[in-house]
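Number of protein chains: 2
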Amino acid sequence: MNEIQSSETIAIELARAARSAARTVATATTEQKNHALEAIARRLEASQGELLEANARDLKAAQEAGLSTAMIDRLRLDQTRIAAMISGVRSVIDLPDPVGRRESMGPRPNGLEVARVRIPLGVICIIYESRPNVTVDAGVLCLKSGNAPILKGGKEAFHSNGALVRAMRAGLEDAGLPADAIQAVATSDREVIGALIRADEYVDLVIPRGGEGLIRHITTHATVPVIQHYKGVCHVFVHEAADLDMASDIAFNAKVQRPGVCNAMETLLVDETIAAWFLPKILERYNQAGVTVRADARARSVWPQAEAATEEDWDAEYLDLTVAVRVVGGLDAALDHIALHGSGHTESIVTEDQAASDRFLREATASCVMHNASTRFNDGFELGLGAEIGISTSRLHAFGPMGLEELTTRKFVVLGEGQIRS
Amino acid sequence: MNEIQSSETIAIELARAARSAARTVATATTEQKNHALEAIARRLEASQGELLEANARDLKAAQEAGLSTAMIDRLRLDQTRIAAMISGVRSVIDLPDPVGRRESMGPRPNGLEVARVRIPLGVICIIYESRPNVTVDAGVLCLKSGNAPILKGGKEAFHSNGALVRAMRAGLEDAGLPADAIQAVATSDREVIGALIRADEYVDLVIPRGGEGLIRHITTHATVPVIQHYKGVCHVFVHEAADLDMASDIAFNAKVQRPGVCNAMETLLVDETIAAWFLPKILERYNQAGVTVRADARARSVWPQAEAATEEDWDAEYLDLTVAVRVVGGLDAALDHIALHGSGHTESIVTEDQAASDRFLREATASCVMHNASTRFNDGFELGLGAEIGISTSRLHAFGPMGLEELTTRKFVVLGEGQIRS
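First to last, the protein sequences are chains V and X.
This note's numbering numbers the first residue of the first sequence as 1 and each following residue consecutively.
This note's numbering numbers the first residue of the second sequence as 1 and each following residue consecutively.
Calculated directly from the structure, the hints in this document are not laboratory data.
Heads up, some of the hints might be wrong.
For identical chains, the list gives no copy identity; a pair is met inside one copy or between any two copies.
What the hints assert, rightly or not - Subject to a maximum C-alpha distance of 20 angstroms in a straight line, what follows is the list of computed SDA-like cross-link-like pairs (lysine to any residue):
no.: 1; residue 1: K231; residue 2: E201
no.: 2; residue 1: K281; residue 2: G418
no.: 3; residue 1: K155; residue 2: N133
no.: 4; residue 1: K231; residue 2: D315
no.: 5; residue 1: K60; residue 2: T223
no.: 6; residue 1: K60; residue 2: E13
no.: 7; residue 1: K231; residue 2: A289
no.: 8; residue 1: K231; residue 2: E212
no.: 9; residue 1: K60; residue 2: E129
no.: 10; residue 1: K60; residue 2: A70
no.: 11; residue 1: K231; residue 2: R410
no.: 12; residue 1: K231; residue 2: R198
no.: 13; residue 1: K281; residue 2: I420
no.: 14; residue 1: K281; residue 2: G211
Construct all of the structure, not just a fragment, from the sequences and the given hints.
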């Protein structure tokens with residue numbers, strides 16, 4: 001094949017091969033899929049040398065390109081990380097298979113038996129950035145849920161991802177499943193992705209994992225449905241009836257424990273009736289932890305050393321040791337603030353008042369609403385999904401962390417005895 | 001307000017008002033929503049004169065514009081149709097409210113209680129063509145499920161839809177809910193729709209109901225998620241072990257009972273082992289009913305009076321008294337044909353062989369798969385959803401008929417006792 005192929009041709013070939021393989025994995029039994037997962041784990045074990053060598057090439061290129069230390073660290077594979085990846089593959093074997101799960105809707109008056117049965121989504125295009133472990137996570141979660149992924153990782157991880165995908169494809173073949181059930185886009189040609197996200201005849205879903213810019217770009221250009229995760233502007237609201245020690249621990253944990261992730265808190269809302277007692281308590285802790293505080297005028301009247309917040313702060317996703325703080329007039333004002341500035345990710349209330357908690361949990365709209373808990377728990381593992389392929393902040397298909405079930409849909413199954421419609 | 005408003009401004013004002021009203025109806029109780037539905041029914045009763053007058057203006061314009069008799073009939077309102085519409089509104093009162101439905105996921109090892117609770121989608125933009133009853137159907141289904149619709153009907157029904165929406169908004173106010181919970185786009189300016197389907201800050205979903213061209217156009221230009229219903233290329237496969245009388249009744253009903261709808265059968269697949277017996281039987285019935293038969297060579301060897309099918313026939317959605325007929329080598333060949341040519345709508349097998357039925361129901365991918373039943377049963381009412389706002393043939397969010405539950409999503413609700421993440 002020495003012909004020059006157009007981006008569109010490459011995309012359609014990938015997508016067609018995926019569609020065909022998807023038919024096979026969609027009807028594979030749980031046992032077959034688990035067998036393939038074990039084979040993949042073994043292939044990854046056997047490929048350790050090759051993986052480290054491929055990763056070394058990516059690391060060398062990254063250093064030459066002057067990537068940041070943080071970026072290079074995210075890219076790095078070592079024996080520990082490879083072992084964690086392999087143990088991740090084996091943990092998916094233990095997760096329940098959603099495919100085939102049946103929900104009866106009972107008989108209809110005409111005798112038709114109606115049920116809904118879970119089926120895979122089909123072909124899923126996953127676009128992500130530098131960490132190579134996403135390649136394996138996404139590949140095996142799609143496999144277990146009977147889907148055929150087309151993986152497009154960052155160009156920084158090109159060789160690492162290539163070696164990982166080769167190992168996974170070999171594992172599929174070891175288990176008698178088609179290698180094309182896991183494919184990678186082996187080019188950095190952006191037009192191939194452009195064609196894939198418009199190939200709605202063959203591709204059922206696009207999951208972009210990355211910054212807001214990437215996700216907006218994909219959403220604007222795709223005709224295939226896209227799972228959107230724009231940003232996490234998460235709030236903790238400390239209600240007047242809060243246990244203030246608990247509130248301080250939650251507000252501290254939500255901001256400081258891992259500030260760079262989407263379920264970290266960005267804005268702390270404090271009820272005016274307790275602001276004078278609570279704010280010094282938490283802001284002193286933030287101060288000691290090196291957190292920059294950007295506060296409204298009422299909060300600054302209690303804690304003048306804070307920087308003055310501007311309107312932009314209420315919509316900011318800092319992903320850093322910075323927090324916006326606002327004093328609000330009570331539950332209604334907190335809910336209004338969240339309705340206006342929340343990003344639909346995670347909202348938590350701290351209170352000992354059951355009625356206030358009930359209202360907050362009912363009226364705050366986000367993929368996850370919490371009572372007396374840190375926002376950091378909005379995560380597929382922490383919520384009990386077993387694994388997570390991403391978090392959706394749009395309400396369509398899935399809202400919040402997406403596990404195996406969220407990688408499936410339901411079809412109607414109707415059993416008749418010759419019924420016709422009159 | 002004598003200023004000239006841009007299309008974008010009009011769209012954003014509509015969408016903002018809808019977002020604000022959506023917050024209120026999202027937390028309205030079932031009783032409040034049912035009360036509003038009854039108030040809407042009464043307002044429609046009281047508006048009968050106004051409705052007929054508005055409809056007369058549309059009918060006059062339609063006649064002057066030379067619309068077809070069929071189009072004009074779809075547009076017409078009379079006392080019987082208005083009564084049916086009102087009884088439709090009251091029937092929605094009896095449907096169970098999905099909002100607030102709770103599914104426990106049990107406690108986590110750290111003591112967090114996790115549940116998933118159904119919530120409305122939010123603001124839904126519904127774009128449809130001439131029948132005015134869709135205005136009321138869509139409005140009340142969105143209301144019952146706690147959503148705020150923005151309705152955009154066809155320009156032919158402009159005055160009728162205006163009168164219907166005024167009655168519904170008055171009913172909302174009678175019941176103490178915001179009128180803006182049901183809005184209509186009161187302009188035929190296409191750019192308003194163009195702006196609404198990109199207003200992802202305010203609009204959660206677009207449901208276009210109409211031809212494939214409309215849906216492709218919306219999908220290409222929207223950044224808001226779109227429910228897609230491209231077409232219904234539905235099959236009936238008559239297996240070698242079929243009861244041939246039953247097969248004839250099902251194949252006849254699926255094609256002839258109402259050929260112009262998406263769940264009508266377009267292609268009949270017949271197992272080669274029974275083709276010589278079955279084909280004359282069914283094709284004679286089609287012939288007497290005025291059905292044009294477009295058949296492959298093997299079918300024509302049994303029934304030479306059929307027209308010769310071309311490759312295009314296997315992908316055709318005739319929506320008419322025309323049927324494509326193909327003889328296939330058995331179950332595998334039938335499944336291959338469906339995988340290649342099916343549109344994911346409805347697939348039915350006729351057989352007395354349980355194993356063949358099991359395989360077909362498992363392996364045929366469509367929103368509804370059937371055994372020994374007419375494809376015409378793929379419909380929200382017939383499957384027991386109580387009502388239907390449309391049928392999705394894409395697998396995201398909902399696959400198949402969408403009832404009240406499909407107009408909702410789930411959020412995670414987490415109850416803690418001060419848990420923080422370590």
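Structure-based check of all given hints:
1. Taking the shortest Cα distances, K231 and E201 sit within 20 angstroms of each other only across copies (12 angstroms), while inside one copy they are farther apart (30 angstroms).
2. When the C-alpha separation of K281 and G418 is checked against a cutoff of 20 angstroms, the pair qualifies only between copies, where the shortest distance is 17 angstroms, while the shortest distance within a copy is 73 angstroms.
3. In the homo-oligomer, the alpha carbons of K155 and N133 lie at most 20 angstroms apart inside one protomer (14 angstroms), although the nearest pairing across protomers, at 53 angstroms, exceeds that limit.
4. For the identical chains of this complex, K231 and D315 are intra-copy neighbours only, at 10 angstroms inside a copy versus 41 angstroms across copies, given an alpha-carbon limit of 20 angstroms.
5. In the homo-oligomer, the alpha carbons of K60 and T223 never lie at most 20 angstroms apart, since the shortest distance is 37 angstroms inside one protomer and 39 angstroms across protomers.
6. Proximity of K60 to E13 under the C-alpha cut-off of 20 angstroms is found in neither arrangement, the shortest distances being 32 angstroms within a copy and 53 angstroms between copies.
7. Taking the shortest Cα distances, K231 and A289 never come within 20 angstroms of each other, neither inside one copy (24 angstroms) nor across copies (59 angstroms).
8. Taking the shortest alpha-carbon separations for K231 and E212, only the intra-copy value of 7 angstroms comes in at or below 20 angstroms, while the best inter-copy value is 33 angstroms.
9. Taking the shortest Cα distances, K60 and E129 sit within 20 angstroms of each other inside one copy (18 angstroms), while across copies they are farther apart (59 angstroms).
10. Taking the shortest Cα distances, K60 and A70 sit within 20 angstroms of each other inside one copy (15 angstroms), while across copies they are farther apart (70 angstroms).
11. For the homomeric pair K231 and R410, the shortest alpha-carbon distance between copies (19 angstroms) is at most 20 angstroms, but the shortest distance inside one copy (28 angstroms) is not.
12. In this homomeric assembly, K231 and R198 come within 20 angstroms of each other (Cα to Cα) only across copies, at 18 angstroms, whereas the closest approach inside a single copy is 24 angstroms.
13. Taking the shortest alpha-carbon separations for K281 and I420, only the inter-copy value of 18 angstroms comes in at or below 20 angstroms, while the best intra-copy value is 71 angstroms.
14. Proximity of K281 to G211 under the C-alpha cut-off of 20 angstroms is found in neither arrangement, the shortest distances being 34 angstroms within a copy and 61 angstroms between copies.
In this structure, the earlier hints numbered 5, 6, 7, 14 are contradicted, and the remaining ones agree with it.
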